[in-house]
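**Q** Okay, here's what each chain looks like letter by letter:
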Amino acid sequence: MVAVGTLVASALQVAEAAATEQIEPAQIGMGDSARLTIAASGSDASTISPPMVAGLEFVAVTQSQRIESINGVSSASTTVTYQVIPQEPGVFTIPGATPGSSPVVLTVNPSSGPGAAARGGSAPLAASSARPSTLPAGSTRVTANGTAFVRLRLSKHDLYVGETIPVDIQVGMRDGFVASLNGLPTLNGDAFTLNKLSSQPQRAEEIIDGKPYTVLTWHSALAAVKPGELALTIETPLTVRMRTAGRPDAGLLGEADIDDLFNDPTLQNFFGTSTEKDITVASAPTAFTVLALPVHDRPADFSGAVGNFSIRSDVSDEKVAAGDPVTLRLRISGTGNFDRVTTPMLHDVEHWRTYSPTAKFTAEDDIGHQGQKTFEQPLIATQAGMQSLPALTFSWFDPNSRRYVVARTSPLNVAITAGTPTSRASTTASLAPASSNNTGASAAGDRDDHGLRPDHVEIGSSTASLMPHYYQAAYVAVPSLLLAALSGAWFWMRRREQISLAESAKASEFPQTESLLASMEDAGAAGDTTRFFQTARLALRGALASQWRVDPASITLADVEARLSARSITARVFKLADEATYAGVRLEPADFQWWKQLVLREIGNEAMS
Amino acid sequence: MNSRKLVLSLGAAILGLAAISAASQAGTVDGPVIRSDYSAPALYDLGNFYARAGRPAMAVLNYERARILAPTDPDIQKNLSQVRESVGLPALHAGWLSQHDRLANPNTLYWLGVLGLAIIGAALLLRRARSRHRALLAGGAVVGGLLMALSLGDAIATASTLHECVVMAATPARTSPTSAVEPLFTVSLADVVNVRDEHQGFALIRDTQGREGWVARRDLAPVIPSAGTATDASTSPEAPR
Chain H
198 MVAVGTLVAS ALQVAEAAAT EQIEPAQIGM GDSARLTIAA SGSDASTISP
248 PMVAGLEFVA VTQSQRIESI NGVSSASTTV TYQVIPQEPG VFTIPGATPG
298 SSPVVLTVNP SSGPGAAARG GSAPLAASSA RPSTLPAGST RVTANGTAFV
348 RLRLSKHDLY VGETIPVDIQ VGMRDGFVAS LNGLPTLNGD AFTLNKLSSQ
398 PQRAEEIIDG KPYTVLTWHS ALAAVKPGEL ALTIETPLTV RMRTAGRPDA
448 GLLGEADIDD LFNDPTLQNF FGTSTEKDIT VASAPTAFTV LALPVHDRPA
498 DFSGAVGNFS IRSDVSDEKV AAGDPVTLRL RISGTGNFDR VTTPMLHDVE
548 HWRTYSPTAK FTAEDDIGHQ GQKTFEQPLI ATQAGMQSLP ALTFSWFDPN
598 SRRYVVARTS PLNVAITAGT PTSRASTTAS LAPASSNNTG ASAAGDRDDH
648 GLRPDHVEIG SSTASLMPHY YQAAYVAVPS LLLAALSGAW FWMRRREQIS
698 LAESAKASEF PQTESLLASM EDAGAAGDTT RFFQTARLAL RGALASQWRV
748 DPASITLADV EARLSARSIT ARVFKLADEA TYAGVRLEPA DFQWWKQLVL
798 REIGNEAMS
Chain R
242 MNSRKLVLSL GAAILGLAAI SAASQAGTVD GPVIRSDYSA PALYDLGNFY
292 ARAGRPAMAV LNYERARILA PTDPDIQKNL SQVRESVGLP ALHAGWLSQH
342 DRLANPNTLY WLGVLGLAII GAALLLRRAR SRHRALLAGG AVVGGLLMAL
392 SLGDAIATAS TLHECVVMAA TPARTSPTSA VEPLFTVSLA DVVNVRDEHQ
442 GFALIRDTQG REGWVARRDL APVIPSAGTA TDASTSPEAP R
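Chains as they are written, first to last, in the numbering used here: chain H, 198 to 806; chain R, 242 to 482.
Hints should not be assumed to be uniformly reliable.
Covered stretches of chain H, going by a simulated chain R footprint (3 or more residues, C-beta under 8 Å) [what the hints assert, rightly or not]:
1) 548-559
2) 662-669
3) 672-680
Derived SDA-like pairs: lysine to any residue, alpha-carbon spacing no greater than 25 Å straight-line [as the list claims (entries may be wrong)]:
4) H/K516 <-> R/G295
5) H/K393 <-> R/L445
6) H/K408 <-> H/Y357
Since the hints were derived computationally from the structure, they do not count as laboratory data.
No experiment lies behind these values; they were computed from the predicted model shown.
We put the CB at the ideal spot given by N, CA and C, even for glycine.
Using the sequences plus the hints, can you model the full thing?
**A** See the structure below:
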């Protein structure tokens, strides 16, 4: 009983604690910041949590706590100061930090001028054009600790590949238990794609199982990328506050009891120490049946557009001078996957020069599901007369009728006059001053109303790519092949020279060498060593003379030893020739053949070297 | 001499190849003319069209492209400067090519480089063949070397153009490739920036003032489009998203 009494008394003390909020200044411009001071008595610092207001960022600057004891009665007060940084202009209501405290209002003016659109409410409302949700409620699966949930609201669960359907993603956060939303909701899985989320979530309060939740709703469009029976979940990262331990004097009540009895984060924090934890909250799996687009009757120009569209075309001018540009516009409006809405426009039209088209999408909702895509193609007529622009076609798949639709515009006629194009009219009138200036500096007269020099009449040469040849593989190969060809020619010429030299040497020297070899044969057979070696020396001299390009008679033993080697066969033959002549050296009959082979090999080597 | 005839034939073939290719570029060779989509006058006229339509970024993009094909055309230079000044930019962006006007179309210089290589090769081959006109051949090799140097210098200068983009919408530049961080500065519409890196839909750019930051890649259009994008219905970079 005592404990319960203490508990109730403490609770009452906290409940009666005063909290004040003050913002200074109350009106700022974009780029400025305000100071929000929250003072609470009878509570600890953790009781004061940073406000959560979409469009405002709160940065804690200072925090102080004061404890006073007067006549034995203790009281505590906490003051937290935040820097408030606006992320967009508007009028923002910052809710009270504690139950019962009054909210404060901050007005953020756009930097370009005073005044801001009143937004009201506890957070900036979504843009006035925001689509009110008409989607059925999805199933709510709250986290185990009851702090948050993520759920989807969809219009249908059966769709085709590529078809986009509106979807609302709702994140519910238990008031006081969620410290921060750490990111936008994201898809879990690769079977679906999600368009860009609406810029500002809608904010609402909702009671689930008797507990208050702040629910943020983003609008977007969902599309499936593959067929099959698929399931989808959405995840959101959050930081939640969790109680880690109860106070000793709160031991009679469990956590659930505290939640049930007070349902107030301030009281709950009073009974225990809280800590923050990052968690990821996922929605309940949502089942889809995704059908593949039919192959039968698929138009040849089908680009993947799925939805319900209408098309129309027009031209910027119905009467222009030859050479003046006109713009052909194709407008495709409706609902569907506009990212797949493409068209090549016109190509190779007789009497027209066509240029690359551009595309511009104007969304009529905040999720890009409904709108109009406009393709603009500049064209220049090259011949006077009534010129026709052919019809444009666009095809898409209608998921409601489950068939392909091919729409065709009407051909357009443009009257092309033979006169001077308006963009060049001023040129003709000002040729004199322009031609008098050789430096190319323009006189005022050769420019049109926009200060531009006139169009060029001649079409000129054209090229398939703006990429310089240096960086195109096909052109890089040209100098490479040329270099290879030149190198090949170089080596071929070198080889030809060698062969030619050898052949000429052989042609000029061989008959004499052959006769000398025959003489050596005769000398060997006769056992005449002197004649044998003298003939061999003559043959070797002839071979060396051809190689060294000198007179054979001028080659001496000293030359041979200097340019070849003293141990070379040639040098030994030269020495043996002298020894046979002057010292009477004689060979055995078997040695003649051996020396003849050596001499032959030597002559061959010298001829080829 | 056979080798000499071979060299002369090879040189004539190379020169003929270069001449045919250059003539094909100009569309003066009989037979099928190369079908193409880019011509300097057409791009220039298109730039004028966008300038008159009040779309300076598209105008600058087409002028820059026209300037690649006709770097010495004074009309392109003047109108490009006019459009840039109309949106508060300096007359010409401070790229290397703007400060040093090139002599000719890069493709012409490319073929001159090939011709220079052919001249050098022919001169060396003829020297190998022991021609008696060694001084003449040496002079030819020098001329060929100059042509090659000119071509290589242009190739190096053109390399910077490969990474140039036109800013199609004034866009914030940030310190990191994410939209979650505060912008450092705003890149001006129609400015020409150099893309130094890319990461997940963002491009690290350096603008004409030397400032660097990450911008959304979709706000940039390359001056030299990649192959195959000449006639695609690309999203207009200047269009609101």
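**Q** Could you run down the list of hints and mark each one as holding or not?
**A** Against the structure, the hints come out as follows:
Three residues within the 8 Å Cβ limit are the bar, and the region 548-559 of chain H against chain R gives 9, so the coverage statement holds. With 7 residues having a beta carbon nearer than 8 Å to a beta carbon of chain R, the region 662-669 of chain H meets the requirement of three or more and the stated coverage holds. Proximity of the region 672-680 of chain H to chain R, defined as three or more residues with a beta carbon under 8 Å from a beta carbon of that chain, is established by the 5 residues found. Pair hint H/K516 plus R/G295 holds up; C-alpha atoms about 21 Å apart against a cutoff of 25 Å.
About 23 Å separates the Cα atoms of H/K393 and R/L445, which keeps this hinted pair within 25 Å; it holds. Of the supplied pair hints, the one linking H/K408 and H/Y357 is violated, its CA atoms being roughly 39 Å apart against a limit of 25 Å.
The structure fails hint 6 only (numbered hints given earlier).
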